[in-house]
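**Q** Residues per chain, in single letters:
There are 2 protein chains.
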Amino acid sequence: MSSPDFEITPRNKVVRRPHRGKYDKATVYDILDAAMLCHIAYVIDGQPYCTPTAFWREGDTLYWHGSSASRMLRNHITGIPVCVTATHMDSILLARCGFNHSINYRSVMAYGTAKLIDDPQEKIEAMNNFIDRFFPGRTKLLREATEKELKATSFVMMEMEQASGKIRNERVHDDEEDYAIPAWTAELPLHTVLGPFAECPRQSPGVVQPAEMSAYQEGRRFDEVMRETYRQHYGAAE
Amino acid sequence: MSSPDFEITPRNKVVRRPHRGKYDKATVYDILDAAMLCHIAYVIDGQPYCTPTAFWREGDTLYWHGSSASRMLRNHITGIPVCVTATHMDSILLARCGFNHSINYRSVMAYGTAKLIDDPQEKIEAMNNFIDRFFPGRTKLLREATEKELKATSFVMMEMEQASGKIRNERVHDDEEDYAIPAWTAELPLHTVLGPFAECPRQSPGVVQPAEMSAYQEGRRFDEVMRETYRQHYGAAE
Numbered sequence: 219m220s221s222p223d224f225e226i227t228p229r230n231k232v233v234r235r236p237h238r239g240k241y242d243k244a245t246v247y248d249i250l251d252a253a254m255l256c257h258i259a260y261v262i263d264g265q266p267y268c269t270p271t272a273f274w275r276e277g278d279t280l281y282w283h284g285s286s287a288s289r290m291l292r293n294h295i296t297g298i299p300v301c302v303t304a305t306h307m308d309s310i311l312l313a314r315c316g317f318n319h320s321i322n323y324r325s326v327m328a329y330g331t332a333k334l335i336d337d338p339q340e341k342i343e344a345m346n347n348f349i350d351r352f353f354p355g356r357t358k359l360l361r362e363a364t365e366k367e368l369k370a371t372s373f374v375m376m377e378m379e380q381a382s383g384k385i386r387n388e389r390v391h392d393d394e395e396d397y398a399i400p401a402w403t404a405e406l407p408l409h410t411v412l413g414p415f416a417e418c419p420r421q422s423p424g425v426v427q428p429a430e431m432s433a434y435q436e437g438r439r440f441d442e443v444m445r446e447t448y449r450q451h452y453g454a455a456e
Numbered sequence: 219m220s221s222p223d224f225e226i227t228p229r230n231k232v233v234r235r236p237h238r239g240k241y242d243k244a245t246v247y248d249i250l251d252a253a254m255l256c257h258i259a260y261v262i263d264g265q266p267y268c269t270p271t272a273f274w275r276e277g278d279t280l281y282w283h284g285s286s287a288s289r290m291l292r293n294h295i296t297g298i299p300v301c302v303t304a305t306h307m308d309s310i311l312l313a314r315c316g317f318n319h320s321i322n323y324r325s326v327m328a329y330g331t332a333k334l335i336d337d338p339q340e341k342i343e344a345m346n347n348f349i350d351r352f353f354p355g356r357t358k359l360l361r362e363a364t365e366k367e368l369k370a371t372s373f374v375m376m377e378m379e380q381a382s383g384k385i386r387n388e389r390v391h392d393d394e395e396d397y398a399i400p401a402w403t404a405e406l407p408l409h410t411v412l413g414p415f416a417e418c419p420r421q422s423p424g425v426v427q428p429a430e431m432s433a434y435q436e437g438r439r440f441d442e443v444m445r446e447t448y449r450q451h452y453g454a455a456e
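If you're matching them up, the sequences are chains V and C in order.
Sequence positions in the first sequence follow this note's numbering and run 219 to 456.
Sequence positions in the second sequence follow this note's numbering and run 219 to 456.
Any given hint might turn out to be false.
No copy labels: a pair is met if it fits in one copy or bridges any two.
[Claimed, not checked] Pairs of lysine to aspartate or glutamate residues, derived as DMTMM-like cross-links and limited to a Cα-Cα distance of at most 25 Å, are as follows:
| no. | residue 1 | residue 2 |
| --- | --- | --- |
| 1 | K333 | D263 |
| 2 | K358 | D392 |
| 3 | K358 | E276 |
| 4 | K243 | E442 |
| 5 | K358 | D393 |
| 6 | K384 | E362 |
| 7 | K369 | E430 |
| 8 | K243 | D396 |
| 9 | K384 | E225 |
| 10 | K231 | E343 |
| 11 | K243 | E430 |
| 12 | K333 | E395 |
| 13 | K358 | E405 |
| 14 | K243 | D336 |
| 15 | K341 | D396 |
| 16 | K333 | E405 |
| 17 | K231 | D393 |
| 18 | K366 | D278 |
Hints in this document: simulated from the structure, not taken from any laboratory.
From a predicted model like this one, the values you see are computed outputs, not experimental measurements.
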């Protein structure tokens with residue numbers, strides 16, 4: 219049984235607004251598992267790069283993939299320090315002075331060493347989890363990957379050595395003396411939702427959306443779909 | 219008149235799927251101006267960090283802000299290399315093998331040196347643009363910032379030395395021999411939209427949403443609101 223919290227070190231300590239810092243794994247996991255997209259910071263010859271990519275979590279390990287030809291992946295081979303960040307923008311807050319304008323958000327910054335997965339069997343398992351974590355039960359419907367496809371794809375894993383979540387979830391507020399200022403103020407929520415599906419025009423006759431993918435429904439919030447499919451694949455305890 | 223394209227160098231050249239790389243400024247601007255959130259990669263003592271924050275563009279310069287107490291801002295004072303990335307996830311593409319699953323997206327990676335804005339007048343201008351770029355005409359409704367607020371807030375600018383956009387906008391496709399596989403395939407669009415507004419319970423009597431902020435309407439796509447408010451503030455030619 220691993221620790222319920224991430225260790226707090228100078229690397230992951232939330233410096234600004236420390237009360238918003240979250241180091242318990244349950245909170246960090248929840249923010250990560252509600253996302254498909256992350257941004258990965260890494261350094262090549264002193265130059266920082268920030269690459270967006272799809273990722274997923276298994277225990278305290280984050281995984282992502284890429285083309286074996288990509289700059290990011292070629293430079294991960296020997297193991298390099300990375301920072302993986304996932305962010306949800308939840309709302310915009312207007313106020314009666316510039317200083318009190320703000321954004322409600324949930325984010326995680328996770329630190330570790332990114333390493334290529336070499337072992338062929340581990341690579342196939344990572345590939346299947348990559349599909350099934352987002353689309354439960356899907357790999358059993360698909361054909362297996364070919365040697366050529368496997369060779370062209372690299373998978374990367376990073377154990378989270380440290381991580382911190384940061385959550386801001388406040389209402390519009392102003393300094394008491396400012397409430398008389400007649401500026402319209404409101405919280406403007408932002409939701410990422412699924413739009414109308416465009417089925418493949420060459421769908422096989424009689425093939426419909428499988429029950430295991432029922433989390434995907436037009437109009438649903440994507441962060442909720444991500445949480446639900448995570449639990450379907452990995453279970454609630456992971 | 220500056221060049222219509224960003225110079226292509228080893229730093230910003232799109233290595234993987236080079237046909238998706240976009241170096242014309244019109245395309246790069248459009249992706250940036252459709253976003254409020256970016257992720258910024260920077261390095262402190264060899265450790266990469268990836269920080270999410272709100273940003274905006276003016277010409278070839280990107281701006282963002284933060285608390286003067288934050289780790290990111292404290293380390294920007296002397297000018298440090300950064301990579302600023304803005305990403306829009308547009309849809310998820312299912313397919314009949316794992317390899318053909320994909321995501322449609324628009325992203326920009328921009329490179330330069332981040333510097334704190336020292337000049338007090340430039341700082342006030344940056345602060346006003348930060349508000350008015352997102353909420354046209356808003357600063358004239360607000361009280362001015364106090365000395366204390368200005369001191370607590372830092373603004374950063376980064377001239378884009380290089381940048382590249384990357385766009386994937388394809389339909390579901392499979393290898394010809396795979397179309398008979400009876401796996402449900404579809405494109406699942408993702409839209410970030412404005413939810414129902416929560417007005418401040420202490421709204422002054424008679425104060426309503428100003429006409430200049432009419433881009434903000436429940437249900438509208440946020441990337442379109444960002445484009446529209448950008449043009450309202452900076453004009454179409456910027």
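**Q** Of all the hints numbered above, which does this structure not satisfy? Sort the numbers upward.
**A** Hints 6, 7, 8, 10, 11, 12, 14, 16, 17 and 18 are the ones this structure does not satisfy, whereas the remaining hints hold.
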